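Chains P and A, in that order, give the protein sequences. Residues in the first sequence are numbered consecutively from 5, following my numbering. Residues in the second sequence are numbered consecutively from 10, following my numbering.
None of these hints come from the bench; they were simulated from the model. Be aware that a few hints might be false.
[Said to hold, decoys possible] As a list, the in silico DSSO-like pairs of lysine-lysine whose alpha-carbon atoms are at most 27 Å apart:
(1) A:Lys80 - P:Lys74
(2) A:Lys263 - A:Lys274
(3) A:Lys328 - A:Lys80
(4) P:Lys185 - A:Lys68
(5) A:Lys328 - P:Lys191
All values derive from a computational prediction rather than experimental measurement.
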Amino acid sequence: MRTVEEIKAAIEAAVPDAGVTLVMNPSPAAQHSLLLQPEKAVAVATFLRDSPELAFDYLSNVTGVDWLDKEIAEKVKVTKSVTKTVDGVEQTVDETVEETQKRVEPGYLEAVYHLYSVALKDGPLVIRMRTANRTDKIEMPSLTPVWRGAEFQEREVFDLYGIVFAGHPDLRRILMWDGFKDHPMRKDYVEPDDFEYEPTAHDEVLKRAQERQASRD
Amino acid sequence: MSLLDTKPEHIEGWNRPPVIEPDGEGELLEVAMGPHHPSTHGVFRMDVALDGERVVRLKPVFGYLHRNHEKIAEGTTYLASMPYTDRLDYFCSLSNNWAYALAVEKLVGQEVPERAQYIRVILAELTRIQNHASTIGFLLQEMGASGTPLMYAFREREKILDLFESLTGSRMMCNYMRFGGCRVDVSGPWLAATRKVVAGLPAFVDEFEALLSSNEILMARCQGVGVLKPALAVNASISGPMLRASGVNYDIRKVDHYGIYDRFKFRVPLGDHGDIYDRYMVRVLEMRESIGILNQALKEIPGGPIMDPKAKLRGFRPKAGEAYGRIEAPKGELGFYLISDGSPNPYRYRVRPPSLINLTVLEDMCLGQNVADVVLIFGSVDIVLGEVDR
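All chains should be built: construct the whole structure from the sequences, respecting the hints.
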């Protein structure tokens with residue numbers, strides 16, 4: 005088995021401007037992964053499949069991961085002018101204070117592919133792609149033209165996470181029904197109230213049901 | 010939208026299903042096979058467009074049994090998902106347990122004691138035998154051999170399920186394995202009973218084969234039907250007996266050597282034609298190899314603990330990271346992908362279901378065949394809807 009670094013070097017030699025980043029995995033499994041640029045992903049995937057030294061011809065697993073917006077608290081030293089009374093005289097002094105500042109790192113949706121090689125009995129190689137954000141820029145290229153095994157799995161990721169795979173031959177919902185809105189595997193998904201278990205929806209329950217329905221339409 | 014309104018367009022790429030043109034006489038007929046068709050083993054639908062008897066379009070429809078297992082598992086602790094894995098492929102709960110335990114053990118770097126490894130192999134191979142026997146029984150049932158072959162298979166399955174029940178307390182929902190070992194130890198009498206059952210299995214496989222393998226009807230209906238080419242099988246991520254029936258030598262027990270499979274001598278049966286008959290035959294031969302593994306494991310099983318003393322059950326919090334673990338389940342490659350963020354719940358919990366992914370090529374295998382053969386081709390894939398829909 006080649007190391008991920010060697011595979012990364014091979015990709016960069018074969019595909020110009022591939023822009024592959026190494027993502028380390030700190031767990032004992034040590035299955036490190038390669039983060040692909042969506043623009044170059046199909047070219048890189050085709051190279052991984054067709055290169056005789058790598059021959060990753062078997063796409064085992066495709067899945068999505070939802071990473072929410074992260075609020076990161078950082079301690080920053082800030083210099084401030086403070087008015088103080090020293091020895092009965094009012095003075096303005098510059099003082100350095102430690103302050104906690106909050107920075108929001110935008111979330112993204114991620115698709116993870118696990119590759120194996122049937123020809124060389126090798127693997128796994130983990131490749132990932134990320135969307136720009138979680139709301140409107142959620143497109144990435146489909147790898148179904150390269151590995152047919154992604155067909156149903158990418159449909160599932162589209163259904164449950166809402167990643168739009170450009171170039172997928174038949175991108176429809178697979179597990180949820182066609183009229184369903186929302187993507188249930190997202191971390192901020194709100195489960196509907198159990199209206200159907202109420203004998204009759206009235207008063208409080210009816211109000212909640214209508215509010216919920218209005219927010220979905 | 011009706012299947013008849015869609016006009017299949019030819020998409021570039023050799024790994025797409027072929028476009029079958031109707032012969033132009035008469036009209037196409039759309040048939041919804043399922044969700045309550047008896048051959049679908051549950052609730053699954055195939056929308057089929059027929060030109061006479063010939064299938065010209067086919068679209069599988071899933072989701073009738075969807076309960077979002079992955080979301081439920083992300084809302085609970087690692088160990089609490091173990092009984093839920095039984096419900097994925099409810100024929101092979103012990104294999105599911107092992108796959109999940111393997112993924113978590115990879116995530117935390119957990120060792121498993123010798124005796125537990127042997128118990129796992131014994132249970133997984135017993136599971137494989139009863140799954141393959143029932144699958145063949147169901148296949149024959151769908152061919153019209155109503156009842157008899159299935160009951161022969163279920164007679165044997167019953168003996169194996171009795172063993173599971175006496176060991177784990179449950180016939181199908183075993184919930185037996187733990188991260189770093191197994192839940193209860195096997196006793197001497199249980200091992201003796203298992204040896205007795207295993208000693209009777211070769212006679213059962215012989216009987217099964219004498220009745221079926223050279224049966225004229227079985228050969229006429231299965232040979233040359235539903236052919237899957239090896240190149241497409243690999244490209245479409247097909248796994249398990251279906252991949253090997255297409256002649257691809259890929260058995261995860263041999264490739265990954267997970268558990269202690271490198272200690273046992275066994276062969277990997279392969280087919281040459283990739284048709285239904287090869288899938289049937291590969292399963293029969295795999296049962297024989299499993300009996301061989303069982304005999305070796307039952308002979309060599311050592312004493313000792315069944316749980317790693319360092320294994321943590323309560324307050325189990327893996328360090329941040331991710332792991333993908335997979336095993337050769339009876340239906341194919343069953344994998345679990347876990348991401349931990351250091352909390353007691355998995356941040357991401359993914360099941361790689363062999364049943365769902367093996368259906369990718371259902372359309373390719375069925376196009377151009379008679380509608381009666383669709384039932385057989387579907388039966389030869391061997392799926393369980395609990396795992397397809399999750």
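Against the structure, the hints come out as follows:
1. A:Lys80 - P:Lys74: holds, 21 Å
2. A:Lys263 - A:Lys274: holds, 10 Å
3. A:Lys328 - A:Lys80: holds, 21 Å
4. P:Lys185 - A:Lys68: Between Lys185 of chain P and Lys68 of chain A the Cα gap is close to 22 Å, so the pair holds against 27 Å.
5. A:Lys328 - P:Lys191: holds, 20 Å
Going through the hint list in order, the structure satisfies each hint without exception.
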